[in-house]
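Protein chains: 2
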Amino acid sequence: MKVTKFGGSSLATGQQFDRVINILNQDSDRQVVVTSAPGRAAEFPMKVTDLLIRYGKEVIEDRDSSKTVQDLKKRYQAIADYFALPTEQFATILDQIDDLPKHQYRSYTYLRATFAAHGEYLNAQLLALILQEKGQKAVFVDPKQLHMVTDANFPTLDEDATYQELGNFEIEEGTRYIFPGFFGYNDRGEMVTFSRGGSDITGAILARGLMADVYENFTDVDAIYAVNPRLVKNPVAIHNMSYSEMRELSYAGFAVFHDEAIIPAIQGQVPINVKNTNDPDAPGTWIGPAEQNKPERRVTGIAASDSFCALYLHRYLLNKEVGFTLKILQILARHGVPYEHMPSGIDDLTIIFNKKSLNKEQIEQIQMDIEREIAPDTMAWHEDFAIVMIVGQGMKNRVGAFTEIVTPLRDAGISLQMVNQGASEISIMLGVEVDDVDNAVKAIYYNLFDDEQK
Amino acid sequence: MKVTKFGGSSLATGQQFDRVINILNQDSDRQVVVTSAPGRAAEFPMKVTDLLIRYGKEVIEDRDSSKTVQDLKKRYQAIADYFALPTEQFATILDQIDDLPKHQYRSYTYLRATFAAHGEYLNAQLLALILQEKGQKAVFVDPKQLHMVTDANFPTLDEDATYQELGNFEIEEGTRYIFPGFFGYNDRGEMVTFSRGGSDITGAILARGLMADVYENFTDVDAIYAVNPRLVKNPVAIHNMSYSEMRELSYAGFAVFHDEAIIPAIQGQVPINVKNTNDPDAPGTWIGPAEQNKPERRVTGIAASDSFCALYLHRYLLNKEVGFTLKILQILARHGVPYEHMPSGIDDLTIIFNKKSLNKEQIEQIQMDIEREIAPDTMAWHEDFAIVMIVGQGMKNRVGAFTEIVTPLRDAGISLQMVNQGASEISIMLGVEVDDVDNAVKAIYYNLFDDEQK
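Residue numbers (UniProt numbering), protein chains in the order written: chain A, 1 to 454; chain B, 1 to 454.
Treat the hints with care, as some may be off.
Restricting the straight-line Cα-Cα distance to at most 30 Å, the calculated cross-link-like pairs of lysine-lysine (DSS-like) are [said to hold, decoys possible]: (1) A:Lys144 - A:Lys73; (2) A:Lys396 - B:Lys442; (3) A:Lys327 - B:Lys360; (4) B:Lys73 - B:Lys144; (5) B:Lys396 - A:Lys355.
Non-contacting residues of chain A with respect to chain B, defined by C-beta distances greater than 12 Å in every case (computed) [to be verified]: (6) Ser28; (7) Arg410; (8) Tyr446.
Coverage of chain B stretches by chain A, computed from C-beta distances (three or more under 8 Å per stretch; other residues unrestricted) [to be verified]: (9) 247 to 261; (10) 329 to 342.
FYI, nobody ran anything at the bench for these hints, they're computed from the structure.
Computed from a predicted structure; not experimentally measured.
Glycine included, C-beta positions come from ideal geometry on N, C-alpha and C.
Taking the hints into account, I'd like the entire structure generated from these sequences.
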């Protein structure tokens, strides 16, 4: 049995739905299907999830939402019309869009989550309806019965409950089960969403819990590339890589696959196959255990992200004091702010954050608390901090990997703000100026992959 | 006014004392003198401080100490004889050696400290006696009136009390004030020692507190060298460097100057001049503010130390969890163990310790606590971890510094365990196998300093 997840662009229009149905029909093992919300398409410049977020905002602010409701209905209507779905069947979808503001919500947080989740929720129902209309055995599965999330600040999987339910979930031969991705329910029955792009996570949880043979992830590219195709023309495709390599790459900006979605796949040792909905016969990229996914080359991929910021602290004898970093971490924990990395010198400490994980007010409060409780000699805030991550199982214990990476940077005149290697054996993390990040990635890529490029 | 400190080898024999007295007589500004304990000499293979530690141990274990007492007396006697010091004056020194076991000690900790401190204590008294005998105005100053230390686990300076006392300390023209280095007194009047080599710290505190124009540090080398002379023949001498450069170098093994001794000099902005007792006219090495001590070359020095150990932890989504590192630091704080560095990947964390700061039992307890409270997927202890530190104000914002450092390592076939750059702008820290550390230092040195070497 395969769990097969389709991304937003794969489910954006009736034509794309048709491709998805063909892909499903090609392989009777594709029994568990996970849907995203309809993404962008030529005639639809806005993603359904963004429309739903706007819809929620209009409701909260008590503004007119009729235009947004109309836009939303148009998206699902276009798909239904493509398959000539009978109006009486499809009406329930449209009703749910109208009914969204009528429910009771404990707080705006739950309102927002419920609105946002409906992109996937309705798309899964629609796909099930279309398959049924085509005479296939297809069941829409509401994740309500599967728990899926605890209700923390950051929604996390309720592992025990979820995997117990999934262990009892019966899959009948010849039937397809259509799950909406991206969200689950908490103990009070409220919808809670994973982070954006979280349909990948739903798919991985199902793949693990239902003990799938493969977790197929259909998107709109032929493979995961060794470098961002926006930066390099016709980049080298990665045919296979290890779970860890994928995690490191997706952490630093490889958006093809959600970094949190790897964990359930690792836990269940389910191989992942990233494939293209528009070219389903292409082999795509395989992601699995390191021993079965030997690297094709020294470096598997180069990722980069400028979504970081950093706080620099200096105080003499900083590293002689047992409690110094402890105090800083207590301040961060008090404000609920996670940090990414913390390289330290003997009198210096840099704390690197993901911009998404803290707001302006938190930045100010953290700095005030550090000033008061720690009184550093110097404290400086860096708004922008870019990270380049060079990832490769093949670099493990390999002498000289570093030279191949830093020499092209020197030749390109790019200065290194930070180097962090050693915690992970399969990656090297570089900090560069935001203005340099694209050039840094290109310089490293062309030095490492040049032979194959020509 | 200059504060002039002499190291153990500079005060090991009568002949060396003679050199010291000549150095003092050359410059009437040398009014504040700090003594070490007599160090090793051709005819004396053991340092006086080591003899005193043995003496303390014998007393604690109730063993015969007469041989040790004899050895100790011989050391001071040899110096007194060189200057034909009258016996009745010198007798007080010998009596103090005999009397050490007769005092009351609150605990063995204080016994050990008092015994160890007497190397400097007696040497300062002896130098004052010899100068007086030569008809000079010289006063021995017992740091009792100057406080100097709080009585914590790690003796630290009682800044407020000490600098207040030093501010009131009157220096009369034509008089020399001889202070013993290495120790101070706590509020109960008990002797407490700084860490080994702590006479440098005493000198720096006096230089700051008495607002000296220069802090002269006399030792047995012509200058501080860019690399350990044990590894490289005739290495390049450093003529001047910044306080920060010295701190980073002494942290990673440059033993010429104690790393904690820089702080008071920085606070008082007192320039430090490291000079050779055996060649006092050589300019030596100047250490001062960065703006007045511009680098002579890109890299100022290369230090290395194999006195580290490391704990490696792996757990998925480690860096998404706000409290993960906090918990680890709480465990370390609970066991009173400071850490040196903590490079992190997205699922990995390496904690680097100084071997001196934790014992076997603490290592086991920390690992047990981490296992119980954090349950990492993987935990591994590395007994030996060597660090190479490349230091240079000239590397700041300089493109390509890295290439010059890692290329010779690749050519020498040396693999990098860790790279940490970015917290400090003036240094790059590399982790290498202990077996590789000497070769790594040599390879980098010859690549960077080769032109000057030939």
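Hint by hint, here is what the structure shows:
1. A:Lys144 - A:Lys73: This hinted pair holds, its Cα atoms lying about 24 Å apart.
2. A:Lys396 - B:Lys442: holds, 24 Å
3. A:Lys327 - B:Lys360: Distance of about 26 Å is within 30 Å: holds.
4. B:Lys73 - B:Lys144: Since the Cα atoms of Lys73 (chain B) and Lys144 (chain B) sit roughly 24 Å apart, the hinted pair holds (cutoff 30 Å).
5. B:Lys396 - A:Lys355: holds, 26 Å
6. Ser28: holds, 33 Å
7. Arg410: violated, 3 Å
8. Tyr446: Its Cβ never comes within 12 Å of chain B, the nearest being 16 Å, so this holds.
9. 247 to 261: holds (count 5)
10. 329 to 342: holds (count 11)
Taken one by one, the earlier hints fail for this structure only at number 7.
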